[in-house]
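Using the sequences provided together with the hints, build the complete structure.
The listed protein sequences correspond, in order, to chains H and W. Residues in the first sequence are numbered consecutively from 1, following my numbering. Residues in the second sequence are numbered consecutively from 1, following my numbering.
If you are wondering where the hints come from, they were derived from the structure by calculation, not from laboratory data. Zero decoy hints are in this set.
Using 20 angstroms as the maximum straight-line C-alpha spacing, the simulated EDC-like pairs for lysine to aspartate or glutamate come out as follows:
no. : chain 1 : residue 1 : chain 2 : residue 2
1   : H       : Lys183    : H       : Asp56
2   : H       : Lys42     : W       : Asp130
3   : W       : Lys136    : H       : Asp84
4   : W       : Lys44     : H       : Glu167
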Amino acid sequence: MKTLATALIAVAAAATLATGPACAQATPAKLLPGSEIAFVSKQLGVPVSGVFKRFDAQIAFDARNPAASKVAFMIDTASATIGDPDTDRELPKAEWFASAKFPQASFQSSAVKALGGGRYEVAGTLTIKGARRALSVPVTLAQAGTNGTASGSFTLKRLDFRIGDGEWADTSMVADEVQVTFKLALAGLGAP
Amino acid sequence: MKPLEPRYTATAIALHWLLAVAILGSMAVGAYMSGLALSPLKLKLYNWHKWAGIAILLLSLLRLGWRLAHRPPPLPVRVEATMPGWQRAAHHATHGLMYVLFLVVPLMGWAYSSMAGFPIVWFGVLPLPDFVPVDKELARLIKPVHGWLAYTLLALIALHVAAALKHQFIDRDGLLARMRPGRP
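This is the structure:
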């Protein structure tokens, strides 16, 4: 009996080892302080930058199997600030983020593709103010051990999401294109 | 018929009246816009005010350069002879201070813009450099200074206009003809 038990354990262990790396779930990474999601919009040609102070992410990343990686973001829309109190008071209002009705903007990845050299293409769905748009974001990951910094930027059209509605919809005042940049400090990434 | 007295140059006259309109217009817009709630109109007026301010700064530099190269005609002897010493001093001090403020008021506005993180893009096309770093706390402190200096300039302009009207309607010495647009 002892021999059989030992043999079974050995088989099970071998099976685990054999299938382990290929089938492993990408490990969940942790967002570290110092991460930043910022945006730049243009008002009459003047670049005005701001940040979201509160956001969270669920990132499961495996450098050996990027396709199994998953990225989800939840951004607290009421935490948007450009550092000007008058403007900041307006941002959560119905014309802008309508934070009472849509407290969170989100991004959910559907596919992660490695482009080589630490660059990835993350495709998914961006949801802001109840409007959903497909989005593909180039991300650069600088990894050191299981820590890393993921950064990138993309441009969205604010009117796709009715951000700045009504009298603010005039793009000669506030440009339609908004550049979003992010820099995420991550811990607990799968070993490179 | 009175002999013609030397007048300001045509360029000096043009700059004087152009800047008079631009400066008073900018002051009116500035006083109005700061009380508005955030709206596209407010944003528009702020930018127009900034564009006008930079234009005033540049035209004032041009005007100062022109003034240094083409000295203004001295006060006619018959006018200067009737002026007490304090009036002559006030005459020079008012002009000197106005020139200082023609430059300092727009520069303070520009500095405020830069510090507040709203750099000026002249006429929506030409991004101007920030000669001071973004510092929102300092911006909050210097914002009223821009306003106070503008009101000081407005007071000097009022004094300048009052003196000009006194010469025209009380002294009746025809001094205004030196700055009147058109042919002498």
